[in-house]
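Novice: Got two chains here, separate frames each, mind docking them using the hints?
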Amino acid sequence: MADGGASSRGRAEAEAGSATREEVDRGDRNVETALAIEGVSKRFGDGDDAVLAVDDVSLTVERGSIVGLLGPNGAGKTTLIKCALGIVLPDAGSVRVFGTDVGDGRRAAYANVDAMLEGARNDYWRLTVRENLRYFATIAGVDPDSVRARHDRLLDRLDLTEKADTPVRELSRGMKQKVSLASVLAGGAELVFLDEPTLGLDIESSRTLRRELRRLAREEGLTIVLSSHDMGVVEDVCDRVVMMADGRIVADDTVSALRSGTDRDVVRVVSADIDDALVASLRERFDVRAVETEIGGIERGGDEVERGGDEVERGGDEVERGGDEVERGGDEDERGEGEMDERDEGDRDGTGSTAVEVAAAGDALYDLMDALREAGVTVEDIETVRPELEDVFVDLTGTEAGIDSRRRSP
Amino acid sequence: MSRDDSAASDGGSAPASAAVDSADEPRPATYYHLARAVLYREYLIFVRYPANAIGGIVVALFFFGVLFYGGRLLAGQALTDSLSGIIVGYFLWTLSVGAYSSVSNDIGSEVQWGTLERHITTPFGFAPVALLKGAAKVVRTFLTSAVVLAVMLLLTGTRLSLDPFTVIPVAGLAITSVLGLGFAAGGVTVLYKRIGNWLNLLQFGFIALISAPVLDAPWTRFLPLAHGSAMLQRAMVDGVRLWEFGLADLALLVGVAAGYLLGGYVVFHYATRRARRLGVLGDY
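Line by line, the protein sequences give chains A and B. All the letters of the first sequence, read from the start, carry residue numbers 1 to 410 under this note's numbering. All the letters of the second sequence, read from the start, carry residue numbers 1 to 284 under this note's numbering.
Keep in mind that the hints were calculated from the coordinates and are not lab data. Since we're looking at a predicted model, the values are computed, not measured. Careful, some of the hints might be misleading.
As the list claims (entries may be wrong) - Calculated cross-link-like contacts (lysine-lysine; reagent style BS3-like; alpha-carbon spacing at most 27 angstroms):
{"no.": "1", "chain 1": "A", "residue 1": "LYS176", "chain 2": "B", "residue 2": "LYS193"}
{"no.": "2", "chain 1": "A", "residue 1": "LYS176", "chain 2": "A", "residue 2": "LYS163"}
{"no.": "3", "chain 1": "A", "residue 1": "LYS176", "chain 2": "B", "residue 2": "LYS133"}
What the hints assert, rightly or not - Just a few of them, taken from the derived set where beta-carbon distance is under 10 angstroms, the chain B residues facing chain A:
{"no.": "4", "residue": "PRO28"}
{"no.": "5", "residue": "THR30"}
{"no.": "6", "residue": "ARG36"}
{"no.": "7", "residue": "ALA37"}
{"no.": "8", "residue": "VAL38"}
{"no.": "9", "residue": "LEU44"}
{"no.": "10", "residue": "ARG48"}
{"no.": "11", "residue": "TRP113"}
{"no.": "12", "residue": "HIS119"}
{"no.": "13", "residue": "PRO123"}
{"no.": "14", "residue": "PHE124"}
{"no.": "15", "residue": "LEU278"}
{"no.": "16", "residue": "LEU281"}
Ideal Cβ placement from N, Cα and C applies to all residues, glycine included.
The shape of chain B in the complex, shown without the other chains (with noise of 0.2 angstroms):
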């Protein structure tokens, strides 16, 4: 920062505030600083209003309340004996659910408030900020899909192997590929304002994603969602640990992950870069 010098060699300004400027010499802001502020956000905005999250919690709930008695009534015996891979099935639902709006949602309010154009023009750019918040997102959804699950679990009477160890890579990294879907969409909202609300609709085909027949059709293993649910079923309901799976397996779940992130940051960045060109970027 020069401004220092500049406010010095100008001559007008009073020494005294040329030594209290020196007192507080700004410092650049590193990757570390950046992530501490956005997940700081992140974290301010969860426990200041916790509404939101609750109402997600009540909501998530809800549904599933429906499901399971609604869906006793009518299959009885059969819903029970299946109950446990619905229960894992809708945890990673509220899991990508969540995931999913909160990164596509928050793009179009960011882009909305404006602030979205302020992160442009620094340094940083909106990238890592992105990324950043996408993780913040992960985590919360994570705290608020938990609870949901330990209702059912307690609603149901069901066991199911809840071991971090294995639960939480397996199905971060699931939901990590709806991440990147999240991105995608955000991108679209930002070039066509109207289309956002049309792709919420799009969680409801995560379910179809979640129960895809990874068996008998092997390659739907390259759709998100699909071949992560397929092993968080083996791991929460066989219980097999995360070093069991085979590397194949887990090199496939890193890739699908990996694969659709990046893809969703290509759109996104790509849809921004449009939308600077077309001058629709903050164009209320």
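Just chain A, same shape as in the assembly (with noise of 0.2 angstroms):
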């Protein structure tokens, strides 16, 4: 149980540097820095209509390793990456890539590293996938006929073989955003920066994308800092995750110590047997979150105000969930922006019963089991809830995914 909530402690691990940290917990593996940020500021404009994008942010990303960065529109996280890549000068601080430092000895650094950047084409349309390839291979400072075998298995593993000598503009949306992967990759970069890499993509086309990129990190010891607002993607492929929100780091941790950090070891019992007594004597014995009857009005208690139009949502939900289980029995992929609130709240049990959700760990768990059994409640289901991803970050960051906080996007 996490004591405090998990934004001071993220904000506070990530003011000590998150080196040590991880140093820490590799023990003696040979921890090699890929990406070291150290205070970078960034401004926009001046005067009244300055806008601090990037706010004193420091950061270390070791190599080999998947690091998601989440935040709402405008929370800082393209212009990070952009400092990160020198497109964007910082007003302040310093960029280190494996050790040499962008701000001087640019061309060094540069020879791996590469990115993709949100809203461009980021390769050439007239060109054949393969040309792409060599292309981009060539400006990355490698001889494209050295790699060619090396592209081979690329386009294979992102099932691009068959259009490798199509013209980027005849592919679909999908294979479009595959080929600026590829070519990204081309060059042989070890640290790539993806700014919403599977945005557009398919269920398939996602789930090849997340897998590749999880072998490439895990085999060749690719390094790669993912931005992106689908909770899924981040939660399936990042072992660790920052997110920032008004130009700060608020969060520096795995998804699972994220997950699990906040204060929510929350078990949700299912019984025909619960009643409005129980429910109460319940109350003034633990700390119920919430209850949920036959009707599919749920009524929360405590401390759970601004999750208000949650509740809405859940109960339009439970109206709707008649006959259409088959099209929620789909892939989280198919989330899109808009849609992140509905999360799949497991299968909830037939007319009759009543859910609660009580916050009960340790000792507390064995108090509300003996407690049900005193009332003779009969189970008929019983699970921990755990918070989604997206719930943490909505704690963190005060803002739904995918809501702009501001309305600038640098």
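Specialist: This is the structure in structure tokens:
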């Protein structure tokens, strides 16, 4: 159980420098720093219109890890990535890539870095897929003839072999996205920045891409900094999540630590035997977080005030659940940016049952079970309610994923 | 590349994959590879999308046709007397427009596609790529303008001295200064996206430069195109060979070309640097 919010903890860690923590975690493994950002700040505009896009951010990424960069629009993710790349020059701070300062030894540093930025083509549509790979390998400082076999493997793994000699402009959007990624990987960069890499991809392509990213990190030691609004992608792929809000890092931890770190060890019990009297007595002894009755309305107790909007969603959701179960069986890949809060609540039991969600960890859990036994409750279903990464995100950034916190998106 | 070492030391990867990796050990690319890649890309686009080039030729010939037949109708003999001069000037103008617009438009496109940013984050940077592209555009423009010139000569029955060893260096150096203007315009477009279209109007200013009165106002020789245009007239109309020009003339031709190219590049460099500071590079 975390005492204190993840927010303050994450911030403290971020400020202390996460390298220390990682080195301790990794023990005697040969930890090499791929990216070291120190005290980077960037302000756009001047006077009253000035926007502090990145505010004294420090971040260390070790070789071979996949770090997810999360944050609402305007949180400074893209600006931070562009600062790390040197596409945007920071006002203060330094960026080191594999030990080389991007500020002065620019050329040397860039031999190992590439990026796929959101909203850009990133490659030449009038060239074929293979021509793009060869061109971008060359400008990344690699003789394309020497990596021909590597390009073939890359095309094969991204299911692009058949399209290798097709001009990119003739491909579908998802294919183009994959070509863009392939062209980033073509030069053998060891550190890549991917801004919304799965945007516009269908389920299958997104899966392929995730699988390939994990494989590249695991087998080839590729270091990936991935920015996305899609929590599913981040949860699926990233070892570590850095959350940004208003230009600062508000959390920096593993996905599981972020999810378990919040004060959310909640148990959900479903039974037809739970009546109002029992609920009342449970409320006296335990921290009851939610009660859900057959009608589908949900009554929240305690501190969940900010989730008001969510409750409405849930209520409506319940009503709709008649016939469309099949559709909901789909993959989480399907989630678009705007529909993030449609989470799978797990199967709710049939009519007549009541669900209670109780914050009960450690001994409190045994007490709860005893209380239920005494009341003669036959438990139909019991599960621990783990917060989605998105809940943590909402807690820490105060915004829903995909919703602007500020108008400007630099 | 230490990728293979790290993959091997991870222990997780199979020995087989390590063996495969060592078989295609990446070799560093040199400027030769870079030149080959950039020029090959330009070549591919040129042959794969000939419509652009053909369109340019057709438009150039259409305007010349209007100029020639319209002029003959209005000016009669006067036009015929100065026809060879007009053809040389028009030839140089199509070269200039081709070089200028292809470079400035190209930079605009690369910014829009996000490919310019990718060049900045490479060991080579965008500078050599831009210069090589510029060279490729000049070659391309020579090919299309040669077609225009040939048709003009056939159409009018005019004879000009076409010694390639004189015409290509003189015209090439003349339009190198325009290439510099193209880089400068491209740089300004990176900073101020909307200005780009207005800068295309500069092309019509080239007519004034090509017909600058270099004899009456010698200072105009320091402007782009003017001195080179005068030399090209002498070479093509009067048949002066390259080695028959005075050393001072040749030196000035080279100096103007290098000066404007360098100046244009400096403008481009500082414009992109300022764009990076303002954070507008690749702000689509």
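Novice: All the hints need checking, so say for each whether the structure fits it.
Specialist: Hint by hint, here is what the structure shows:
1. A:LYS176 x B:LYS193: holds (26 angstroms)
2. A:LYS176 x A:LYS163: Between LYS176 of chain A and LYS163 of chain A the Cα gap is close to 11 angstroms, so the pair holds against 27 angstroms.
3. A:LYS176 x B:LYS133: The given pair, whose Cα atoms are some 25 angstroms apart, holds under the 27 angstroms limit.
4. PRO28: holds (6 angstroms)
5. THR30: holds (8 angstroms)
6. ARG36: holds (8 angstroms)
7. ALA37: OK, holds: ALA37 of chain B within 10 angstroms of chain A, min 4 angstroms.
8. VAL38: holds (8 angstroms)
9. LEU44: Holds, because the Cβ-Cβ distance from LEU44 of chain B to chain A comes to roughly 6 angstroms (cut-off 10 angstroms).
10. ARG48: Interface hint status for ARG48 of chain B: holds (6 angstroms vs cutoff 10 angstroms).
11. TRP113: Because about 4 angstroms separates TRP113 of chain B from the closest Cβ in chain A, which is inside the 10 angstroms limit, the hint holds.
12. HIS119: holds (6 angstroms)
13. PRO123: holds (4 angstroms)
14. PHE124: holds (6 angstroms)
15. LEU278: Holds, because the Cβ-Cβ distance from LEU278 of chain B to chain A comes to roughly 7 angstroms (cut-off 10 angstroms).
16. LEU281: Holds: closest Cβ of chain A sits about 6 angstroms from LEU281 of chain B, inside 10 angstroms.
Checked against the numbered hints above, the structure breaks none of them.
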